[in-house]
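Colleague: Below, each chain spelled out in residue letters.
Number of protein chains: 2
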Amino acid sequence: MTTNPTPQIWLYDTTLRDGTQREGLSVSIEDKLRIAKRLDLLGIPFIEGGWPGANPKDVQFFWQQQEDPLKQAEIVAFCSTRRPNTIAADEPMLQDILAAGTRWVTIFGKSWDLHVTTGLKTTLEENLAMIRDTIEFFCSQGRRVIYDAEHWFDGYKQNQDYALQTLEAAFKAGAEWLVLCDTNGGTLPHEVSQIVEAVNSHLSVVSCQEQMTTDNGQLTTPQIGIHTHNDSDMAVANALAAVMAGARMVQGTINGYGERCGNANLCSLIPNLQLKLGYSCIGEHQLNQLTEASRFVSEVVNLAPDEHAPFVGRSAFAHKGGIHVSAVERNPLTYEHIQPEQVGNRRRIVISEQSGLSNVLAKARTFGIELDKQTPQARQILQRLKDLESEGYQFEAAEASFALLMHEALGGRQQFFEIKGFQVHCDLIEGKETNNALATVKVAVSSKNILEAAEGNGPVAALDAALRKALVNFYPQIATFELTDYKVRILDGHTGTAAKTRVLAESGNGYQRWTTVGVSTNILAASYQAVVEGLEYGLLLHSQAEAALRASS
Amino acid sequence: MTTNPTPQIWLYDTTLRDGTQREGLSVSIEDKLRIAKRLDLLGIPFIEGGWPGANPKDVQFFWQQQEDPLKQAEIVAFCSTRRPNTIAADEPMLQDILAAGTRWVTIFGKSWDLHVTTGLKTTLEENLAMIRDTIEFFCSQGRRVIYDAEHWFDGYKQNQDYALQTLEAAFKAGAEWLVLCDTNGGTLPHEVSQIVEAVNSHLSVVSCQEQMTTDNGQLTTPQIGIHTHNDSDMAVANALAAVMAGARMVQGTINGYGERCGNANLCSLIPNLQLKLGYSCIGEHQLNQLTEASRFVSEVVNLAPDEHAPFVGRSAFAHKGGIHVSAVERNPLTYEHIQPEQVGNRRRIVISEQSGLSNVLAKARTFGIELDKQTPQARQILQRLKDLESEGYQFEAAEASFALLMHEALGGRQQFFEIKGFQVHCDLIEGKETNNALATVKVAVSSKNILEAAEGNGPVAALDAALRKALVNFYPQIATFELTDYKVRILDGHTGTAAKTRVLAESGNGYQRWTTVGVSTNILAASYQAVVEGLEYGLLLHSQAEAALRASS
Chain A
0 MTTNPTPQIW LYDTTLRDGT QREGLSVSIE DKLRIAKRLD LLGIPFIEGG WPGANPKDVQ
60 FFWQQQEDPL KQAEIVAFCS TRRPNTIAAD EPMLQDILAA GTRWVTIFGK SWDLHVTTGL
120 KTTLEENLAM IRDTIEFFCS QGRRVIYDAE HWFDGYKQNQ DYALQTLEAA FKAGAEWLVL
180 CDTNGGTLPH EVSQIVEAVN SHLSVVSCQE QMTTDNGQLT TPQIGIHTHN DSDMAVANAL
240 AAVMAGARMV QGTINGYGER CGNANLCSLI PNLQLKLGYS CIGEHQLNQL TEASRFVSEV
300 VNLAPDEHAP FVGRSAFAHK GGIHVSAVER NPLTYEHIQP EQVGNRRRIV ISEQSGLSNV
360 LAKARTFGIE LDKQTPQARQ ILQRLKDLES EGYQFEAAEA SFALLMHEAL GGRQQFFEIK
420 GFQVHCDLIE GKETNNALAT VKVAVSSKNI LEAAEGNGPV AALDAALRKA LVNFYPQIAT
480 FELTDYKVRI LDGHTGTAAK TRVLAESGNG YQRWTTVGVS TNILAASYQA VVEGLEYGLL
540 LHSQAEAALR ASS
Chain B
0 MTTNPTPQIW LYDTTLRDGT QREGLSVSIE DKLRIAKRLD LLGIPFIEGG WPGANPKDVQ
60 FFWQQQEDPL KQAEIVAFCS TRRPNTIAAD EPMLQDILAA GTRWVTIFGK SWDLHVTTGL
120 KTTLEENLAM IRDTIEFFCS QGRRVIYDAE HWFDGYKQNQ DYALQTLEAA FKAGAEWLVL
180 CDTNGGTLPH EVSQIVEAVN SHLSVVSCQE QMTTDNGQLT TPQIGIHTHN DSDMAVANAL
240 AAVMAGARMV QGTINGYGER CGNANLCSLI PNLQLKLGYS CIGEHQLNQL TEASRFVSEV
300 VNLAPDEHAP FVGRSAFAHK GGIHVSAVER NPLTYEHIQP EQVGNRRRIV ISEQSGLSNV
360 LAKARTFGIE LDKQTPQARQ ILQRLKDLES EGYQFEAAEA SFALLMHEAL GGRQQFFEIK
420 GFQVHCDLIE GKETNNALAT VKVAVSSKNI LEAAEGNGPV AALDAALRKA LVNFYPQIAT
480 FELTDYKVRI LDGHTGTAAK TRVLAESGNG YQRWTTVGVS TNILAASYQA VVEGLEYGLL
540 LHSQAEAALR ASS
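Chains A and B, in that order, are what the protein sequence lines are. Letter by letter, the first sequence follows residues 0 to 552 in numbering that gives the first Met the number 0. Letter by letter, the second sequence follows residues 0 to 552 in numbering that gives the first Met the number 0.
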């Protein structure tokens, strides 16, 4: 008795093409190269690189890929069928695709009669010829072809016969994958199931009737793929429905980036397929990197990560309610649908206004601080937390500031330096473009006052520079710290520029990162506070590391 | 022959309770009251207000509701079953619920044996008694009861018999709705379908066997509801699957707010149920307000709206790719799954680096500017756009700045005033907390130089105040303008505080809102630029309105 091998689902990433259609997202060639490398490591077998010829960026991307190819993944070039009434071999557009030098090419064509007649303004017959010719041309040039049937579901619902003819044309012309696209994102899962099943059986009949066989005489079975958009909030559900109805390729993007409401999110699809439905997509050691890969891509494309994203979001395994927190600490199964580590995420205990004492204690433990529920300090931290939150502070994202607050309540906050104040002056009267800001800071180290001034291309940069200048002689490790991200949020938009500002500053020392918070009606005061706490927390980490080193030697 | 009436789905909103469990979301009592009023207008029949007694905020909220009740909706109080080994009538917790004075009460209880024994630490029998007693108590007090079966799907999968016993207990005790909760969000749609169908037929048998009848002798048919979470990216798909399997109440939240990855998003559910599946949920004139209601709630809870949200997001009907834009202008059906107006949203043509000339022209038309493709101005606008975007500007969100840019390229940018420069001074050395920033601005109106200075609780407020002071004598309408929102984005986090800053400023004049953009390494210069363009665009709107008035009189 043999057990069935786990069915394989072929993942096809289109972050670099469809993903970049997202409003607000734009990438450089370097960004695209970095993302492709990361997806290769993640074990995605097909990576769509773009449409070479449609824009110069994509042409260059494919050249670079030829010089420095990926380890495992196939880079795929994307292109439409030939234009109406032309000869495929003579189309410069298709020559550009050949020049991209990929083994695989994805050709998209029209399935919906309405798009043929009103979009392409050609006949239904000519559209079939366009699909056939284009695929045959690429096959004759030794390329392997994936066919994307654009507007498949709408087309099928409007004119089933014609839609099936387009797919048959692609299949007979040599396309190895037939990908059904829900281009407008309007289809619901029960429709996807029905239609994918119907297509699958129709194509099996075609394959049989036409006696389509492979080189070694086996019947060619058509391979179905699915490409969905999220306009009905169904992209992932639709892709799962298609797979359960027989599709074996899933097209999607990292973080669900894509036009309008986005594409099917691979970060949700992969764990659902692999952990819940038992399909095989990527290696277990690769699934463990999913959260990191999601954040890497959001960082490269310079978009804030969705903190609430399923599986990979920062909040995906965060517990806020008091009941949840105590239960999840006893038995994670009670409130977690999977183990966060399986996708490289982690459980978090969230500190907020609603926090009970048990949350604060659980959080303190994650910073290595053991607190007794009975001690006045524990209640004191909770009270201080609530006071600060009512002033607009938020510690959910600023864990380093929360750690400093706990140390302070326990009387153990190490005072590396003392802040005495700052002055900032900006002068743009003369149109001076660089170093137009001057900051003066006053700090005290071991009761010694230090006054330092620095210029910068903006007031926060000048403040940061002055502060480092004042402290680096006492703490040379500050030279290795850097501000890695900086976010500003206006707390009450209604009061306009007089509103309170919350600044989150992320700092790093090369191998660790931490976030601090500052709040003020003055954006410079809020920034200064966050930057100051960032330096302080960095010094704390350094001193803890030194202490650990001493203890171990 | 009679046609079947459209089946009604009862919507149950839990934004004010489950929604507030979202990390980063906190609301005041006033916020909760405003949201409840808005949901009432939207036609949501059940609005869960909170757990009175669990926190003082919720107690007060229900008091206020008694004084100033909603027009249509039922405000529902939420509460757990009585504690183990107590008498329901003697439980202060349940007395608090009665005191809230609602007609409907939602009681949640345990369905999963694991939670009974390890969470509640009681026997399976006692849990059944807790469910029964609590519901009977509220029914005896004249309340109508909705029963939320917590962890229903996990419990059913682990111990089907016991899970069904808990539901039977609730049903026999008098609960009118039995709501199946996917508390951990780990269930997939095909499982939801199967389980809801199984539950429905099981309860019909129970109802028949027990001869449960209503006052007029009709057999009581159990009413099933669904409550889902989004941990598998399936909250909306699961709710739809449940409805298609027979559930008639759907619990969810506006914008999908909720713990971890959120709850089922009513903004996706309602249009899917109503426009695609033909169920009846809210009035057509209410569905038309969905986008506005979604934005209202995000504004009240002070969270940035999800621009890419299905149906209600700003990008949900945005067209970026050149092919899409020309096709959608010819026939909206080709690239839109519903008409945006049905949910109160609108089509947008997006301007970005990738824009072809046809996008720019289409966008210009939305501002009433007719441009010919052949004119040098059209190419000039496109070039200027690309140059500015490479410097970090983004016009996708800053349509007012884009309009000014177009007017400039066409030589028709009205010069209301000329910017000469500014100076800002902040001094926090003395720990002065208010008016710690001083700004001086120099502007020219009709070649007359004006120098004005103002103080503020921050540098941007001071700049804004000085600028208004300088201009209001010439343009008194400026007194009605206000800065309604202000966002800061760091463009390249890697360079820390020296990074380029992009500021988006949203301004309003009481009945219109517009957004402008500024970019600089100096956060003050970027803010100033956005504020200045905001005033300029406001003046432009005013002068256009005046011209229209003159023309019509």
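Hints were generated in silico from the structure; no laboratory data involved. Please note that the accuracy of each hint is not assured.
Identical copies carry no separate label here, and so any pair may be met within one copy or between two of them.
Within a straight-line C-alpha distance of at most 20 Å, the following computed SDA-like cross-link-like pairs (lysine to any residue) qualify [unchecked claim]: (1) Lys156 to Glu190; (2) Lys36 to Asn287; (3) Lys372 to Glu306; (4) Lys468 to Glu417; (5) Lys486 to Leu302.
Colleague: Evaluate each hint against the coordinates.
Modeller: Going through the hints against the structure:
1. Lys156 to Glu190: Only inside one copy: Lys156 and Glu190 sit 10 Å apart there, 27 Å across copies, limit 20 Å.
2. Lys36 to Asn287: within (17 Å within a copy, 45 Å between copies)
3. Lys372 to Glu306: Classified as neither: same-chain Cα gap 30 Å, cross-chain 43 Å, threshold 20 Å.
4. Lys468 to Glu417: Result: close within a single copy only, 15 Å intra versus 39 Å inter.
5. Lys486 to Leu302: Both ways: Lys486 and Leu302 sit 12 Å apart in one copy and 14 Å across, limit 20 Å.
In terms of the numbered hints stated before, the structure departs from hint 3 and from no other.
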